[in-house]
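Generate coordinates for the entire structure from the input sequences, incorporating the hints supplied.
Going left to right, the sequence shown walks through residues -20 to -1, 1 to 707 as mature numbering (1 follows the signal peptide of the UniProt record, and there is no 0) numbers them.
Just so you know, the hints here were simulated from the structure itself, not pulled from any lab data. Computed from a predicted structure; not experimentally measured. Heads up, some of the hints might be wrong.
[As the list claims (entries may be wrong)] Once the Cα atoms are required to be at most 30 angstroms apart in a straight line, the calculated BS3-like pairs of lysine-lysine come out as:
1) Lys305 to Lys126
2) Lys223 to Lys289
3) Lys302 to Lys126
4) Lys59 to Lys79
5) Lys13 to Lys31
6) Lys305 to Lys152
7) Lys157 to Lys507
8) Lys28 to Lys269
9) Lys265 to Lys79
10) Lys126 to Lys311
11) Lys289 to Lys152
12) Lys507 to Lys548
13) Lys393 to Lys540
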Amino acid sequence: MKKLITLLAVGIFAAGQMYAATKVAIVFDAGGKFDKSFNQSAWEGVQKAQKDFGIELKDVEPGDLTKVEEAMRTFAKEKYDLIIGIGFASAPAVEAVAKEYKDVNFAIVDSEVKLPNVVSLSFKEEEGSFLVGAIAAMRAKDVNGKKVVGFIGGMDIPLIHKFEQGYMQGAKAVNPKIEVLVNYVGNTPTAWNDPAKAKEITNAQISKGASVIYAAAGGSGNGLFDTVKELSGGKACAPDNAKCVYAIGVDSNQNYIVPGVVLTSMVKKVNVAVYNTVKAVQNKKFAGKANSFGLKEGGVDYALDDNNKSLIDAKTKAAVDKYKKDIIAGKIKGVLDLVVDTTVPAVRFTAVNKQFGSFYANRDITFDVQRQSVHAVIGENGAGKSTIMKILFGFYRADSGQVEVFGRSVRPKDPTDAITLGIGMVHQHFMLIPNMTVAENIVLGFETVSKTGMLELKKTAELIRSFSEKYNMPIDPYESVENLSVGQKQRVEIIKALYRGAEILILDEPTAVLTPNEVSDFFEVLKRLKAEGKTIILITHKLNEVMAVSDRITVMRTGKIVGETDTKDTSSEALARMMVGRDVLLEIPEKSEPHERRVLEISGLSASMLTDYALKNISLHIREGEILGIAGVSGNGQTTLEEVINGSITPTAGRITLNGEDISTLSVRERKEHKIVHVPSDREKHDLSGGFPIVKIYTWGIILWISFPIQTDFCAKKILKILPKPR
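Okay, structure coming up:
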């Protein structure tokens, strides 16, 4: 009897396992599950799966990106069968958690994560946008022999360029002379939820004659719907209503928002893709792979229902369906192919030249930077690396040649123009205002204000924290920049570029100011940026770092390209040879033993800053012929110790001796006379004056009373003495 009970219990347990409900979790992006867009479409998909399959369903609306990974990790720990992330911004969180929990299945909508336990659900938005563009051109009003339609994008990024380019091509397929107005709400994530700005853009486009406007702008698109509703009085557009302007919805079927005024919607079947993914998990047929759903796969389409059937007559429908058939058959060529073709490089330079007077800084520069890669541009000082990147970023204008970004010919007239193209640059010498906070520096020139005209720094601070946490770059948004270390300032510059929507990130000598540990962390940041789809251009001459982190390398010398190679196909020795035109000895000589004689001794040294100790009871010594390294996390007294030794700060206790002589009370000048030299970590702030010639800086405070030609001669001889002799 006991055995029978045991067997019965085991049988019940086994049956419970067999019929346990599939556990599915969905984590929405900042728009939330009722955004009337792709979040809501995904929600409808999992709800249908719950009804059909009896799945156990949980959802999270995190409100901001910082909580997405936390929510996913919680579900992964609870062994959910499928965790779905919505929106491209969730991709880093999906990748991080999926790597850690390899036995859990994940899905990501509108992005791609290449892991065996992740299915990527992306869409050919350009194909659906072509169809609604054609409908827009057919419905556009003729005003004085001219037809105008509009496009409003949310954040200016390549994903939304697909909507824009498809829409534009569809409109011009119907009417090659039609004018297509294009505006973007902004370059930061706030562009997805700024209906007031979208409303301004809508009215501006209407004032220029636009009679149909398509918005691919997330929550900002409500600004378009509000405007057209006001113009129509909330009623269907009558043929004789001259004020009436039509809107086109996006992602989900938005025809119902203003029936008879929303002309159609470019529908992404997120609900179907999500439903089928849940079904695959339910049937034990889940396979991690990248999916791209277009017209052929039924992933995108235009919406036709009772709300807009009076606006799309049989003739219009027949014409649009013909375009649809031709796209599926591959008969329509042009911009569409360019948008879909991921082999088109992120950046292409063709025969670019730049002269300063008679000097060629760049001569016939031609190379490509592939999407989602780390591309190193290397060379000695003066090779032309920074010049070509400053042309890309709009600091300089090329004298001749062509620059293309994501397949479009561009000529940025200034850095602001480059930023709108999705290009960010972190300079070797940072472009920050010391007496402003981190948040104020980041939004400078790209501010968002409340209805009362006040800066919305709280929202900015939240976004900064989300970026800093996502990429492991901790920073306080409210800290004044002048109080930050050099490494922290670099973090601010990188976050500033990301905040402004950079898809292409140019980094000029980024590790020059970092400690070895910071360099290692920085490399992890680069890998994560690359995984998210960013393109990184690295300007450097540190060959070991190039070999460690880059995918491809362009080598420059005297303003010209002298070599290009994939990183896996080269070596540090070969790169050095290309850089300088000869063999270079890269081995470090064997370390020699220092002498016993102590040159510098510090004993019981203390120094206070305001009310607290910056240094307390420090003792150390340096022997003749010795290199002494001082390690520590930034802000633990290293800089103060440097400044006490060079005489900039007076110690409160202790003694410093040089060759047996007490120098504790000597001034900076007197210590220089004793041949103590200080090279600070921030040269721009503490040691150089960028507006002065080298000779002035070199002789400052030494021979100012001598004529300038004599100073120049003196300076040149001194510099030549310390420069290495050419081989």
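Status of the hints after comparison with the structure:
no.	hint	verdict
1	Lys305 to Lys126	29 angstroms, holds
2	Lys223 to Lys289	21 angstroms, holds
3	Lys302 to Lys126	25 angstroms, holds
4	Lys59 to Lys79	14 angstroms, holds
5	Lys13 to Lys31	18 angstroms, holds
6	Lys305 to Lys152	18 angstroms, holds
7	Lys157 to Lys507	45 angstroms, violated
8	Lys28 to Lys269	23 angstroms, holds
9	Lys265 to Lys79	20 angstroms, holds
10	Lys126 to Lys311	29 angstroms, holds
11	Lys289 to Lys152	23 angstroms, holds
12	Lys507 to Lys548	17 angstroms, holds
13	Lys393 to Lys540	24 angstroms, holds
Hint 7 from the earlier list is the only one contradicted by this structure; the remaining hints agree with it.
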